[in-house]
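*Asks:* Letter by letter, the chains look like this.
4 protein chains.
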Amino acid sequence: MIKVGIIGSTGYAGQELVRLLQPRKDVEIVWFGSHSYVGQKYSDIYGNMFKIVEADCLDDNLDELADQVDVIFTATPQGYLAGVISEEILSKTKVIDISADFRLKDVNVYEEWYKIEHKAPQLIDEAIYGLCEINREAIRGGKPVGNGEVSDVRLIANPGCYTTTSILSLYPLVKQGMIDPTTIIVDAKSGTSGAGRGAKVPNLYCEVNESIKPYAVATHRHTPEIEEQLGYARFALVNGNDRTNSAVSDEFAENNNPGGDPITINFTPHLVPMNRGILSTCYATLLPGFTAEDVAEAFKTEYGNEYFIRLLGEGRFPETRWVEGSNFVDIGFTVDKRTNRVIVVGALDNVVKGAAGQAVQNMNLLFGLEETEGLTMPPLFP
Amino acid sequence: MIKVGIIGSTGYAGQELVRLLQPRKDVEIVWFGSHSYVGQKYSDIYGNMFKIVEADCLDDNLDELADQVDVIFTATPQGYLAGVISEEILSKTKVIDISADFRLKDVNVYEEWYKIEHKAPQLIDEAIYGLCEINREAIRGGKPVGNGEVSDVRLIANPGCYTTTSILSLYPLVKQGMIDPTTIIVDAKSGTSGAGRGAKVPNLYCEVNESIKPYAVATHRHTPEIEEQLGYARFALVNGNDRTNSAVSDEFAENNNPGGDPITINFTPHLVPMNRGILSTCYATLLPGFTAEDVAEAFKTEYGNEYFIRLLGEGRFPETRWVEGSNFVDIGFTVDKRTNRVIVVGALDNVVKGAAGQAVQNMNLLFGLEETEGLTMPPLFP
Amino acid sequence: MIKVGIIGSTGYAGQELVRLLQPRKDVEIVWFGSHSYVGQKYSDIYGNMFKIVEADCLDDNLDELADQVDVIFTATPQGYLAGVISEEILSKTKVIDISADFRLKDVNVYEEWYKIEHKAPQLIDEAIYGLCEINREAIRGGKPVGNGEVSDVRLIANPGCYTTTSILSLYPLVKQGMIDPTTIIVDAKSGTSGAGRGAKVPNLYCEVNESIKPYAVATHRHTPEIEEQLGYARFALVNGNDRTNSAVSDEFAENNNPGGDPITINFTPHLVPMNRGILSTCYATLLPGFTAEDVAEAFKTEYGNEYFIRLLGEGRFPETRWVEGSNFVDIGFTVDKRTNRVIVVGALDNVVKGAAGQAVQNMNLLFGLEETEGLTMPPLFP
Amino acid sequence: MIKVGIIGSTGYAGQELVRLLQPRKDVEIVWFGSHSYVGQKYSDIYGNMFKIVEADCLDDNLDELADQVDVIFTATPQGYLAGVISEEILSKTKVIDISADFRLKDVNVYEEWYKIEHKAPQLIDEAIYGLCEINREAIRGGKPVGNGEVSDVRLIANPGCYTTTSILSLYPLVKQGMIDPTTIIVDAKSGTSGAGRGAKVPNLYCEVNESIKPYAVATHRHTPEIEEQLGYARFALVNGNDRTNSAVSDEFAENNNPGGDPITINFTPHLVPMNRGILSTCYATLLPGFTAEDVAEAFKTEYGNEYFIRLLGEGRFPETRWVEGSNFVDIGFTVDKRTNRVIVVGALDNVVKGAAGQAVQNMNLLFGLEETEGLTMPPLFP
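Residue numbers (the numbering used here), protein chains in the order written: chain A, 11 to 392; chain B, 11 to 392; chain C, 11 to 392; chain D, 11 to 392.
In short, the hints are calculated from the structure, not lab data. C-beta atoms are modelled at their ideal positions from N, C-alpha and C, and glycine is treated no differently. You may find that some hints are simply not true.
To be verified - Listed below are the simulated EDC-like cross-link pairs for lysine to aspartate or glutamate, each with C-alpha atoms no more than 16 Å apart in a straight line:
| id | chain 1 | residue 1 | chain 2 | residue 2 |
| --- | --- | --- | --- | --- |
| 1 | C | Lys13 | C | Glu74 |
| 2 | B | Lys35 | A | Glu383 |
| 3 | A | Lys35 | B | Glu383 |
Stated by the list, open to error - Output of the computed footprint for chain D on chain A, the stretches with three or more beta carbons under 8 Å from beta carbons of chain D:
| id | region |
| --- | --- |
| 4 | 219 to 230 |
| 5 | 285 to 291 |
Unchecked claim - Derived list of chain C stretches under chain D, where covered just means 3 residues or more per stretch with a C-beta under 8 Å from a C-beta of chain D:
| id | region |
| --- | --- |
| 6 | 22 to 36 |
| 7 | 59 to 73 |
| 8 | 382 to 391 |
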C-alpha cells in the first residue's frame, strides 16, 4: 500500500489526483491538504466525492506529512514548494511536484519568466523532469520498469500541460533532425480548467463562454520549458549520440551550464470555452529531403511502443473530445508541400496527462508498478 | 468471462456500454452492432476508442448474435427489439433492452404513447423492469445478490433516463404514503446526449447552445412509465402490504390488468445546453402530519443501504456536475411550510445511470456478480 | 436630449443599459458610475465598448449626479439605493431602480426576504412597480403614451428578471379567474449573467459549464414579488372590478395594508449553462369549465396589443434562443386534460426585458416617448 | 427604398441579413428565398423573427427575382450562383454574393480548390472583391462614398469569414513591406455557425461541445483567397506604386494572368465550441530594421480612419466576445524580439463582418449610402 499525501488537493489538479487514486486498492490517500479549506469536509468542496471521500481537509504542513506518507504530490502555486521543501523532507518521502518549481534547470531562466526568487536552487539538479515517455529511464533511476523495485529518485518535476502536449508533438522531429529548429511555432488552445479554481472575473462563466482569446502572447511561462527540452533533443542529435534528454540535462549541469542550448520558439496559448483539453498546433519547416513518410517513421520510432501516445498518422488530426478524462496524447500531422512545412497537432486532457494523470504515471514508475496502473480508463465521450 | 453483444453500439448509450465494459477483465464484447456503420472500424466512429477497440462494426442480426453471447444489450430505436426478438433468442441468451419496448406492462398504453404497434406483446409479462434499487429481488429471480449464480430472468426492460431520476426521487414518499399522489409534478431538465446521435437540425450545436426549451409538454413518452411504477408503490401502500413494485406488477398482470392503477402526473422535459445529466425537480403536496424529518426518514428507509443513491438530506440539492460519468443518483429535498409542498430534486448522468450504467448494473445482478462491479469510478469533474 | 446617469454601469445590467442607450440620438449618457472601477476607462472594463464609449468610470455619488441628469438608473446591490436616495434627489431627477429596493410594498416582507433593513421606507408608496405591460397607465401618471409629456412619476421599481417572466406568464389567468391560485408552481431556469459579475467560485466557467442546479429552493427573493403582483390581480378579480395592479396596490397602501392579499406560490430557480435567458415553466390547476380556448383568449385579451409580448398560442413553447438580445417575452401554453392543469411557459432575455431593456421601456414611458424606442432590434441568433 | 431579395435566407448568413436589414427604414426585403423551406413561414424556421417577419419562404428563382429588386444577396452553396447568374440578371439588378464563386480571379485556382467546374467564368473579371476597407474605391466605381449616387458595379464577391479576418490582420504589414511574405502562418479559430445549418453528425451539439479540433489542415478553400489578396498588396509594394488591390487585380487580368503573384501561406482553421466568432493568430518574420512602433504605425496608416477596424495596439489582443453581433474587426499585435516575429491577432463575428454585415456594408457602398448605415450597434455581451 502506497501512502499518499496531496498538498493542494482542492485545486482542479489536486482533485483529479483524488479521482485517479481513490479507487486504487494499492494506494491510500492519507492527507487531503488545502490552503483555503482546512477543517472542511473534502466532499463539501467537491460534491462529486460525496460518500466517496469522508476525510476533512488538512493544512499544508509538509514536514508533518513527510513522516506519514511514501509520496507527496504538490499541486501548489509557483514558488510554494521551493519555499518549504528540505533535505529532511526528501530523506523521508518522495515528492512529485505538479507546479513549475523544478522543471527548469537554469535558475535564472526560472526567475526571469516566473518573476519570483527560487528558494531551493540546490535541489534543481536532483529533480528529474517527469515527462515519462522521454525520461522514463531516469525516473526509474536505471531500474527496470514495473519490477516492483522503488526508484532512488526523490523529486519529480511533473511537466506542464501545454509543455507536455507541445514537446511530445515536436520531440521526434527535433530528435531525428527533420525540422529546422529556428522555425518552430506552437499555437496552443486550452480548456478553462487550466486557469485554476481561483475566483477571478476573467474566469467567470459569462466571460469565458462564447469567446476565444489569446493570452500571454510571447511571454507565457511554459515557453522556456518547451525550449529547454527540445534543446536537449537537438543537442543529442547534433552531437551525434543517442543520449536521453535527462542525460543531456545532466551533462549540461555538470558543465555549469544548466538548461543549456535551448531552441527558441514562438508559443501562443489561447483560452477556449470548454472545461478540459489542450490542443497544440505546431508548425516547422521540414528540412530538405524529408517526406511525410519520414515524419511518420520518426513518430513510430520514438513512440511506437508507448501506451499513452496514440499516433493518428498523416492527414488525421486529434480532437480534444477524444482524450477527455484519459491519460492519452493523440498526435497527427501533415506535410504541406506548397510551403514545405510540417504541421503536427497534439491533444491531451490538461488535467490528466497534463497534470494529475502524468503525476500518477510518474508515481507508478517511481514505485516499480505497471506504468499504466489506474490510468487505462477509456476517454469519456460525449 | 461474460460474452456480450451490443446492438446499437454506435449510439451514445451503446458507446457508453463500450466505455464501461471494455476495461473489465470478466467481460468480453464480441459484437459491436450498428445499423449505419456496418463494416467500418468502431474507432473511426468513436475516436476515443482508438487503439482501445480494434473491432469493426457488425450488423444487427440478433439471431446470429444469440448463439455467440451470454447477454445482448439493445440500445435501439423504439419498436426495433419487439420486432425481432423471439423465444428462440431468449432461450439462448439474456437480453437487456435499453429501449422502451418492454417497460410498460399495458400494451395499449405503449401503443398510445409510442404510436407504434407492439410486435411482441407476449413477452411483456416476462420482462422485468430493471430499476435495480426497487426491483433487485425480481431481477435476481429470488437468488441472493452477488453469489455467482446466474438469474433465471431472461429479459430486462432497462428504465428510461428521465424515469429513473423521477421514480427514484418520488418512490419513497409514495411508498410510505407521505404525499398526495394527485399533486405530483415533475419538471425535468436533460443534457443533449439524451436526444441521440441522429443528424437533425434541432440538435445542431448552434441550435442547442445558449438556449433552454421545454418539449413534448404533457405528451412525453416517459410519463406513463413513471406513472405505472409510482402506481405500483401506491397500490402496495393502499393495500396494506409490503410487496415490491415487481410483485404488484405481476399481480396486476395475473388479474388481466397489466400496468394497473397508475398515478397521474405532470411531466415536463426541457433540453439544456450540456452533454450529460438529468435533473428532475419534483413537487407534491405533503399529507397532513408529515414533516421534513419524516421525509428524510422515508428516504433513509428505502435507500439507506443503496450504494448508487446518495442522499443529500434536507436543504441540500444535487447538481448534475457532481454525478457526471458515474452511476450515482443524488437526491435532496426541502419542505416548504408556506405551501405545504415537498420539493424533491434528483440528478444523475443520463448516459450512465440513465442508460448504460444501469444496464451494466442489471447485467451484474443477472450474472450474480457484485452489483457495483465496474461502476465505482468517481464522477468526473470539471 | 435626455441626460442619463447609470449607477452600477460596470455590472452586466449596467453595461446592457449602455449597449441600449449609447446608440440613441435622443439620449446622452453623462455618468458611468461604478463602485469598483472608478477612474478606469469604461472600455477597459467592457472591451465591446472600445472606440464606442470614451468615458472613464465615475463614482456613485447620487447627489452630484442628480444635478446633471434627467434620469438615474441604479443597477446596484440590494439596499444600496434605499440607503442613499433622498427627497432632494427625487426633486431633481427621476430614478429607475433595477435593484429590488422598491418593488415590495410591505417593508416587513422586504426585510424578511432580503435580510436587510430598509433605509427609505417612506418612499416605498411612491414607487411605481415598472412592469410596463401591466402598470403602463400608472407609469405615465395618467398621461397618454408617447405624447411627449413627461410623467410626474419620480421613482420606478423595475421588476426582477424571474418575476417579469413569471408574472407575465400567469397574470392573465389569475386576472381572469381561470386558475386555482393555491396550485401555482413556477419552475424557472436562468442563464448565468443573472448571477452578476462578482468573482465567486460557484460562478466560474468550470463550475457552471456542463451542469444544471436548483438554488434558493423555496427561499428565493423573487418569490414575494411574484406573489404580491399576482395577488393584486386576484384581488381585482375577486372584488369584481377592473382595477389595475397599481390601483389595487394603492388601495391596499391607503388601508395600511401595503402589499396586501398576496397569492402563495412555489418558485424554484435553476442555474443553466448559458449566458442569457430565463424560462419559467408555470403550473396551475385550471378551474372547472375553462378550456384551452379560454386560456388562449385570456392571453389575447390582456396582451393582444402588446408589442413586446409574443403569444405563441397553444401547444407551441418558447425557447430562450429566440429572444436573446431583445426585449421580447415569448409565451406559450398547453392544457393537460389528464391532470386538468394548464402549463404556461414564458421566456425572455434576463438582461434585456428582465433588467436593462425594461428599464429603458420605463424611461421611454416616463418621458413620453414611443414605448418601443431603441428596443425594436430583432433577437440575435445564433 | 432599396428593394432586396435574399437567396439562401434560411441559412445562418441569410438569417443574419434579415436581422440587419429588417429594422431599416430605407430597405425592404421582398424575397425570402430558400431551397429547403419553400412555402413555410419564415418565422417558423427562425423563431426569433416571430411577429417580425410575416413572409413565407419563396424559391430561389433569380430570374424572377431580378425583376423585382435592386439588389440580390446570395448566401448559397459554392457553385450555385455561377450556375444561374446571367448577363440579363445583372442588367436588371446588382448581386452581392456571399458564396465564394467570384472571389478568386483565376478560374483554375477556383476549380482546383473547390473541386467544381465554374459555370460563369466570363463574369469573374467584372466582380469586385468586396473587402470594403481595401477596395472601397472600386466598389464605389470611383464615385465618392455616401453621396447618394449608385455605383456602376454590378457584382460583388463578398469575402469569406476566415479571409476577412486574416487579410485585414496582415495587409498593412505586407503592403508596407515589413514582413517576409514566405514566413506567413495563419492559425485560425472559428465558432460553429461557420459550419452552416446543415444536419450533419459532426455539427451536433454533443460532438462540438467540449472539444476543439483542426480541420482541412493545409487544404482549406479560404487559403488561395488570402494568398491572392496579400499577393496584390505585395505586388503593389514591389512595383513601387500605390495601386489598390483592385487595381492590381485588374492589371493582372488585363495581362491574362488573373489572380497573379500570390503569396504562399499556411492556413489552419479550427472549430471552437461557441456560436459566433473568428480569431486569426498570424505569424510572420519581421524584416530587418522594423520595430513594434513601425508595425503600429503601419496599422494606423492603413486603418486609422476605418470605423469598423478597432486597433488595440501593441501587447493588447482581441477576444471574440468583444465583437459579437457587430461589424467590428479588432486587431492587436506584439513583436517577439526573441524570435523576431510579429504576431498579429484579428477577431470578428463571422456571421456579421465575416458574412452578412460586410455584405450590408457593400450594399451601403453600392447605393451611395453612409457606409455604416444599420451597422453601428455595439457588440452584444455577455
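*Asks:* Taking the hints in turn, state whether each one holds.
*Replies:* Quick rundown of the hints versus the structure:
| no. | hint | verdict |
| --- | --- | --- |
| 1 | C:Lys13 with C:Glu74 | holds, 14 Å |
| 2 | B:Lys35 with A:Glu383 | holds, 14 Å |
| 3 | A:Lys35 with B:Glu383 | holds, 14 Å |
| 4 | 219 to 230 | holds (count 9) |
| 5 | 285 to 291 | holds (count 5) |
| 6 | 22 to 36 | holds (count 6) |
| 7 | 59 to 73 | holds (count 4) |
| 8 | 382 to 391 | holds (count 6) |
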